Amino acid sequence: MFDLLFDASFLASVPRFVTPILLAALGGAICERAGVFNIGLEGMMLGGAFFAVVGAYFSGSPYVGALAALLAGMALGAIFAEFHLRRGGDAIVVSIAINLLAAGMTTFLLRAIFDVAGAFRDPAIAGFARVHIPVLEDIPVLGPVFSGQSPLFYLSLALVYALHVFFLRHRLGLRIRAAGENPTALKAGGVNPLWVQAIALLMCGALCGLAGAQLSISNVNLFVENMSAGRGWIAVVAVLLTRGRPWPLFFIALLFGAVDSLSFRVQGLGLPQQFTDMMPYLATLIVLTALSWWRLKRQS
Amino acid sequence: MHAALNNIRVAFGPLVAVDDVSIAIAAGEVHAVVGENGAGKSTLMNVLFGLIKPEAGTIEVEGVARNWASPQDAIRAGLGMVHQHFMLQEEMTVLENIVLCGEPVNRFGFVDFNRARQKLADGFREHGIVIDLDATVGGLAVGQRQVVEILKMLYRDARLLILDEPTAVLTPQEKDRLFGILRSFAASGKSIVIITHKLDEVLEIADRVSVMRGGRLVSSGPLGETSKDRIAREIIGGDLPPPLKPAARTPGEVVLSVRGLRAGTRGWVGPLSFDVHAGEIVGIAGVSGNGQAELIRALAGLAPGVAGEIMLNGQPVDRLDVGGRRRTGMSYIPEDRQRAGLALGATVAENANAGRDDVSTFSRGPFLDRAAMASFARGLIERYRIKVAGPSALASTMSGGNKQKLVVGRELARGTPLVIAENPTWGVDIGAIELIHAELLRMRDQGHAVLLVSTELDEILRLSDRVLVMYSGTLSEPIEAADADRNRIGALMTSRTDAALRSVA
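Line order of the protein sequences matches chains A and B. So the first sequence is numbered by the numbering used here: it starts at 70 and just counts up by one. So the second sequence is numbered by the numbering used here: it starts at 30 and just counts up by one.
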């Protein structure tokens, strides 16, 4: 049975599942570090997925699609900033509003723009071509994993390192961390923490939008209602578990992505779909429990 | 850097915090601003730093009249302020904290930490500062954090430093190190302003002393032209409050007995041992922050002590929670009426009955007896002349003095053997002060034990039968009211040197 599960084609499928979770979680990490409790990643991702299809369909280019997704995510981030930071709305309430808004809006626009309900599939949706890396693609096992993936996968890997350096060495990264930890001190130094948090929300929206683009124009070239299917929430868990630290975040996203991928594989084994759909969340629970047990043990 | 404040006046509503005060700070001098709590010294310095806009008066920096819109303007002009509560990022390194908000960056916004290190290294050499720039601030001792705050100023080339009670949380060694750095700063031409109430430190470091009392400047001049005794007298003021104390007391049984109590973080307050008898008021004097809050929290059961025992009415209460202690016979008038004393969103009647809803007079079975609650509240309103629309008005609609009268009325109505009053007249008007004082004396005369903790020396002297002075987490020997001299108590409040102890003994 293990041969059936863990073969080369399974490994090659993992990056596809890791990418959206990782991109959204990196966005969430920026908010987490800036002290904005953003659990609206799911909605930002869904909005991105829809507008990626819109952009790719009308322009014929997946890059325009990705740009549209990025802007859509940023727009949702801007709405979050307006209602949370400027008007003082509660972050959880605003997050839920973002999630509901994205779900309702994409369903509505699907009908309004494409005149379909449920799903929109069309050959005119230009998806990302796979990136084939010479030499690497010929290496067994590693080749299919690291070569032949969507450009967004490579981008997400680069972003893990970039974000790490950004937090450590960039002026804005430093200020984002300060806004999250002691905004009063930041204010005393002459920097308005609200502006820093607003920028963090825009960056988060951009990354979540790209995560959505990975779902709709990299894996499959179509949009389905609610196609983010809880991945934004898994990203939220990854962010909270790692308190927004890029490297630990990468490994958690890797784990969640692998389980996500695995859940599709085991459907082939005849397990009921209801059970396999549960697997990512089960994995989340197990990791949560294990981590808190480990922390307790380390404290005592 | 030379700076001057001319004829500054600041008022918060009817309260005049700073009244026509002018002081000048010369380049290269350490200028101490001393005075009691509420004397206006912090307010005055907040004006200089641009945190408060004065109602009248001008600010002058290096001969130029300035009008700060915000502290940013003051920072740009070369001023720096170390607040009593540090403004640090605990999870960041020392270096990151120092450069934050003034980062040296390249074209792409990346921070050039090496440039910052070089700049700091020069300052380190000049002033003899030793600190690990890569250490995380959260792991530093308080004294080191203080150094980080000062390095932030140094890094931004501040030429006038204001330090608000900089030694309040430092150990003697850390204080020596801090003073060394400050002296070196002054020698290099920077001006230092220290707000403090510790006279020993003033004598140790200041070149010039300004004394404030009740919002006014009492004196300002070189340290050499004054003396410790004179400064102490100026801080406390000459006038004694009118005597209010009647009939000699006849102390009864011991009601509260505290033995070897240690409280606060890692038990820094204590060991404390004292008794309060029935029919007496024991006053605990002291500048705030010397362990009074920790003592009270331990007595009331809000934060149980680390060690020692507390007996109330002959019963040990150490293991009881707040409710248990209150039922055993304790009332508590907290300092913070807004949060600890009242529920502002509840009505006057509900607040008047708070903590007594299990008493059968205010309940019918499991339900509250609203009528009884309202009539009880009406009684308090009448008796304490509380200005409020009625029992069903929200507590938040009352003014500060009326809120306090409600708290005092509620707690004293319980008629418990012990009453703990924590700064019971803080921030209330004179009429309310008189009423509250009279009520506390009435409780004493009726044979209740009263523990009065107050930072107002006048209040302590006016009411107490015996006085204990708290300083750095320890209590002095009890001083009988007849021997309670404000100079002696003032000395005990500001230092615990041999000389101060001798003057009391």
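If you're looking for bench data, these hints aren't it; they were derived computationally from the structure. Quick caveat, the model's predicted, so the values are computed rather than measured. All residues carry an ideal CB built from backbone N, CA and C; glycine is no exception. Careful: at least some of the hints might be erroneous.
To give an idea of the chain B side of the interface with chain A (calculated C-beta under 7 Å), a few residues [unchecked claim]:
{"no.": "1", "residue": "C130"}
{"no.": "2", "residue": "V140"}
{"no.": "3", "residue": "N143"}
{"no.": "4", "residue": "L169"}
{"no.": "5", "residue": "W455"}
Hinted contact B:W455 with chain A - closest CB pair below 7 Å: violated, 25 Å
Interface hint status, B:C130 versus chain A (Cβ within 7 Å): This hint holds: B:C130 lies near chain A, its Cβ roughly 3 Å from the closest one there, short of 7 Å.
When the least beta-carbon distance from B:V140 to chain A is tested against 7 Å, hint result: With a minimum Cβ separation of about 6 Å from chain A (threshold 7 Å), the hint on B:V140 holds.
Evaluation of the interface hint that places B:L169 against chain A, nearest CB under 7 Å: violated, 15 Å
Hint check: 7 Å Cβ-Cβ cutoff, B:N143 to chain A: violated, 11 Å
Against the hints set out earlier in the document, violations occur for numbers 3, 4, 5.
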